[in-house]
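Join these two chains into a complex; the hints should help.
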Amino acid sequence: MDFGRSPDEAAFADEVRAFLRAQPPDTFPSDGTDAGYGSGAHSRAFTRALGERGWLSLTWPRAHGGWERPMGFLLVLLEELAASGAPFGPLSGCLQVSESIIRHGSVTLQREILPQVARGEATFWQGYSEPGAGSDLLALQTRARLDGDHWVLDGRKIWSSHAGIATYGTVLARTDPASTRNRGLSMLMVDNRLPGMDVRPIRSLTGQVYHYEIFMDGVRVPREYIMGQPGEGFSQLLRGLDTDRFWGRFYKAPFLRRILGLLVEHVRAERPGDSVARHRLAQAAAEIAALRALFHRAAWLIARGEVATGPVSAAKVMADELGQRVLSLGMELLGPYAALRAGSPEARLRGEIEHQYQTAWGHALAGGTSEIQRTTIAVRALGLPAEPRGR
Amino acid sequence: MDLAFSPAQTLLQQSARTFLLQRCPPERVQELALDPRGFATDLWKEIAALGWPGLLIAPEHGGSGASLADALALMEELGRACFPGPFVPSAVVAATALGLAGGRRAHGLLAGLATGSRICTLALLEGPGRLAPEAMTLPIAAPGRLTGRKLFVPDAHAATDLIVVGHASAGPAVLLLPMGRPGIIARPLDSMTGDKLFELSFADVEIGPDDLLAQPGRAWAVLGPALRAGALARCAEMAGAAQRVLELCVEHARVRVQGGRPIGSHQAIQHACADLYRDVESARWLTWEAEWALASGRPDADATVAAAKAHGAEAALRVARRGHQIMGAIGYSEEHPLHLLHKRILAASQDMGDAALHLETLARAIGL
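Keeping their order, the protein sequence lines are chains A and B. Note that the first sequence covers residues 1 to 391 in this note's numbering. Note that the second sequence covers residues 392 to 759 in this note's numbering.
FYI, nobody ran anything at the bench for these hints, they're computed from the structure. A portion of the hints provided could be inaccurate.
Computed spacing ranges between beta-carbons, pair by pair [to be verified]:
(1) A:346 - B:747: 33 to 39 angstroms
(2) B:723 - A:139: 49 to 55 angstroms
(3) B:583 - A:325: 28 to 34 angstroms
(4) A:70 - B:747: 40 to 46 angstroms
(5) A:11 - B:577: 39 to 45 angstroms
(6) B:720 - A:265: 49 to 55 angstroms
(7) B:455 - A:332: 20 to 26 angstroms
(8) B:724 - A:390: 33 to 39 angstroms
(9) A:332 - B:691: 41 to 47 angstroms
(10) B:720 - A:200: 52 to 58 angstroms
(11) B:426 - A:388: 44 to 50 angstroms
A few chain B residues that don't get close to chain A, going by computed Cβ distances all over 12 angstroms [said to hold, decoys possible]:
(12) 523
(13) 569
(14) 753
Derived list of chain B stretches under chain A, where covered just means 3 residues or more per stretch with a C-beta under 8 angstroms from a C-beta of chain A [unchecked claim]:
(15) 423 to 432
(16) 496 to 502
(17) 736 to 743
Every residue, glycine too, gets a C-beta built ideally from N, C-alpha and C.
Next up, chain B with everything else stripped away, as it sits in the complex (with noise of 0.2 angstroms):
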């Protein structure tokens, strides 16, 4: 057993801080959020310039070939400055993707991820609004057309390329698009959470052999390991999210002072403050250790995934709910960066399975 990060995780996350501290302070994500068409141009070139979306790219392709325990110690960093934006579709899911299909296109791809040239979001969920193969039934064809749609598509307004999950004669299938390609629409959908969400219709779109990401039976191959990446990394963000709630709670308690004493002198207060730490702290390390199970290859590993998801979103839900009656009224105002975490553990929450789906693999894996 070794809890520790290595030097290498640890100075990305300190970097991170300070980076993310000077260029990404509450103020800007607010201002972002309250942009329909918010994309920070300027802060994802910075981060191409540091390295970020080239982490889980191999060095053949212009990345650092960076573990995704390297991503998730970044993430953390991002959940706790409520970093907007697509770095979970691009820079893990469709990097990781990507990087399992091999292939020219996906290839060329990556090299573009790398330097923050280009984007790549993802076309999963439909009217049901779940993740599961079952769920996503857009009808694929290569060659063929296109006619369908999918919801709650991140940042299309940003993303100069598109992986699209369908199902084909030969069961699920994958496609990988330019957002270019004629016939695909965007229409944005209005989101409290200041994501940039969207309605896809894919208006008779042509798609070619060479769409396919994965061949005929690969799909699953290519995505599954893709979409348990971005589940951790969604887990990694909410702890690091929760954590910052956390801190902003107990340095409210020490200094809020009613009645002649600090609200953190209280009872009510303290044990609030310690559920949110035991919350935190269970969150986050099941998380690393869903990590070390997936990184060692264990058994067990997509079950403790899907455990650290589950166990991940109620446990940084509950900190970011009961943080609100800490803070008191000053955490409802806007200005105040509680709402900000709160929101981006909430959409964290639902994204990449939603507690349901997680629980549904974990309920097969105990046997039921």
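So that you can see chain A by itself, here it is in the shape it has in the complex (with noise of 0.2 angstroms):
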């Protein structure tokens, strides 16, 4: 077995360092607030400067303006920057998109959008919660009809990371009035622009803002912005599923390694000889080992075309709840300084641990919650039988 980086992937690491040393991450302005993923802030100049290195349309196929690098550099590229906490939040929703306009997108899309993808000039947002539509996303309401070269689109999304500074959304809606539950769906690429759009902030826990909520009033979509044929949106979202899950988290485990070494430095300066402190930060560096073993379990799988539901599903779990224990532990180790923020006097690790600590507990509900990963786990996996559904 060899968990290793080919030789090509070691130079591109080399490539990505020396690009973080020429134009360290913290000379970027960042637009958008740290979601503590391991992406860090939204910056559309560091989007763009990913962008003029080709760093967007890594693996892409010629055709379509890519370089067609194996799956491997995108690897290394988000391990390097999780690493050095850069603030690439946009980068992991471009790479599901372009991914899916490649799959399914019309010429137009394909022709229009990637372009702009790849010069790091188009973000996206994803529409798929709705106040009634949670864990189970099939509830939900918003309707697009066709009346000419147009969708035009009613409804209402939550919860959707970054609307408000994304260019367009990923927007699932029901195409076919008549359907019900999984059937009649489509995903529709709406441009934030469009009249009709009304993005309004939701201010989280941490202050700060990262979801929307979007009100789609008699918006007109092009017709061609469908992915795919009508009818096909679920069938889309249960293909791509597994790999979205993975590359929204697979930097969680470079991250946390990094988040570690900040609570080393504090305790090494201001608990030295704390051994209950020193055990617990070596259990942690196990488990994030471990973390990390099971995301390149899912990727080995994923690069051959496996399934890897199981591995994917199990590394988010891990991912999240690993994150929120590292954390919590940050937070005792900085005893009463762990609660203040950035800037504050007397602040410890930049402020970093507090706010890192507050977003942790929105992962286990993102991307599909930890119960919902459990289930698919159980089911999809494991061959457990379904749960019977309520009415």
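Structure follows, in structure tokens:
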């Protein structure tokens, strides 16, 4: 077995590190909050800088202007960026949407959107959840009807990350009014600038804005701005579910390793000889190593085109719950300093721990709750019988 | 990145599973566990004929010169079957140490280990029960006389040879002794895991200069890699046993009907099974990553092995413990294999360094 990077991947890692040294992440202005997943803040400038290097289209086919690099290059890029604390917040959304456009998108979508993604000019929000459709996504109410050359979109989406500062949303809507549940749904690509779009911020418990609520009132979306054929929305969603969950969490292990490094630094400076802290940090290090191994197992299956549902969902559960434990440990180790925000007098570790601690409570809800992941593992990976559905 | 087993490893696992299902079923494991002097001479001969004790022994000494990865592939199956006996001490740790030590006596013993005619056990732990150089203080002088005791020595009743770790004036020292050397007295301990453990007393045992396995100053160069190999073997054994617990639980949850539906259709059971799955997978793949780190000489190899053993022990024990809750009352009975798997995991979690010892290694590696 080989868990290592190929010579090409190692050379690419050097290239990424050289870029991060030449243009340190904290020199880029951020324009959106760091949601704590490990991808840092939202920074248009940093996203454009990635685009300038061709790193937003690393794995795309050449026909779409990509570099046709193997998936291992993306793993390297994300690990190196996360280890440095770079602000690459929108990147995983760009990866997911561009993969989807390449697979399902019309020629118009491919021609009009992909070049913007490659340059770092287009970022995306996901329009899935609604006020009455969370874990039960199929209860969604948003509708789109065809009117001439346009889809007319009406509905309301919520908990969409960075929607107010992104360019487009991928909105799951019912396009066949006669359909129920998983049939008759379609994925539309919706430009934020269209008339009828109303994107309102939701201030989160951190005091910052990460999520938005989106009101869509008669929004006219060009007919070709649909992914695939009408009615394919849910099967596209399911098909991309494992990879979306994977790319949304893969960088959590290097991120937690970075946080662990900060806590080690703190304990060395302020609590030398604290054997309990020593023991618990070592325990966290072991679990982070295990998380990384699990993500690499999932990555290997995905790269080979094999079913990765079990390892991906297990890695997501583990990433989110381990993150909560590591940040909780951080709050404990920092004691009364833990709650001091960045910029406060006497704040420790640049105030990063309190912020990441607060964000951690959203992670086990977003992208499918830990309960949904566990049910997925049980039913789809282990073959246990599905729970009878309540009506 | 390539996380595939080699064709030879897959073949080894398949043939081992078939053999162990026939020759080492849970009833046999249970029978050996209940027998205070239980040792399966017949099984040991058969696995020797299959070449298992010689996997890590070089071809010139009668082994097959396989890699540690091959041995770990086998260990997953041995763990799954709760294979009893001194495979890890003799075929992994002693074989690795003897191969590194070299010399006429070591080579002679390796040939015997490969054919199965000899078995080498390990006298490591003392009163504190810790596998750390400073906790292994039996005074060694060669030439000289050996007096003192060792604890938790596995399968001393079946072993022909013995590796003893202690302290000489120059630092850690390692002896290789025949079990029959006058003055070595074995007293059995009685363990709930079914492992046959002994207290070994050394009463004025005569030690010659040839009895040193490694020259002064070289003891840890021989022992360190052998103990790391042993730790990974225990990790793979735990992962194999934990995987079997998961399978038993899932099978039970699928077929056990209460209140008109399988208990596995309840979220309470589904989510418990999902946690078992997460623990099995993470423990298993961290073990394989540590094997890779060791084999490819990565600078963080020691830390990765330590992480694998510390996490593997906690994760596999969680699997066994939660498994009892999923399995219900039948898992509490002696005839059900769950307790054998639990006890196998428990023994493996403590052998070759417990979590505390490995976390100490890891603490140093992260800068504490």
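Structure-based check of each hint:
1. A:346 - B:747: 33 to 39 angstroms: Taking Cβ atoms as reference, residue 346 of chain A and residue 747 of chain B lie about 35 angstroms apart, which means the hint holds.
2. B:723 - A:139: 49 to 55 angstroms: violated (43 angstroms)
3. B:583 - A:325: 28 to 34 angstroms: holds (31 angstroms)
4. A:70 - B:747: 40 to 46 angstroms: For residue 70 of chain A and residue 747 of chain B the Cβ distance comes to about 41 angstroms; the hint holds.
5. A:11 - B:577: 39 to 45 angstroms: violated (58 angstroms)
6. B:720 - A:265: 49 to 55 angstroms: holds (50 angstroms)
7. B:455 - A:332: 20 to 26 angstroms: With Cβ atoms ~51 angstroms apart, the hint is violated.
8. B:724 - A:390: 33 to 39 angstroms: Cβ of residue 724 of chain B to Cβ of residue 390 of chain A: about 36 angstroms, so the range 33 to 39 angstroms holds.
9. A:332 - B:691: 41 to 47 angstroms: violated (27 angstroms)
10. B:720 - A:200: 52 to 58 angstroms: For residue 200 of chain A against residue 720 of chain B, whose Cβ atoms are near 55 angstroms apart, the range 52 to 58 angstroms holds.
11. B:426 - A:388: 44 to 50 angstroms: Given about 48 angstroms between the Cβ atoms, the range holds.
12. 523: holds (15 angstroms)
13. 569: holds (38 angstroms)
14. 753: Per Cβ check, residue 753 of chain B is inside 12 angstroms of chain A; nearest 4 angstroms; violated.
15. 423 to 432: violated (count 0)
16. 496 to 502: Violated: only 0 residues of the region 496 to 502 of chain B have a Cβ under 8 angstroms from chain A.
17. 736 to 743: Answer violated; 0 residues pass the 8 angstroms Cβ test.
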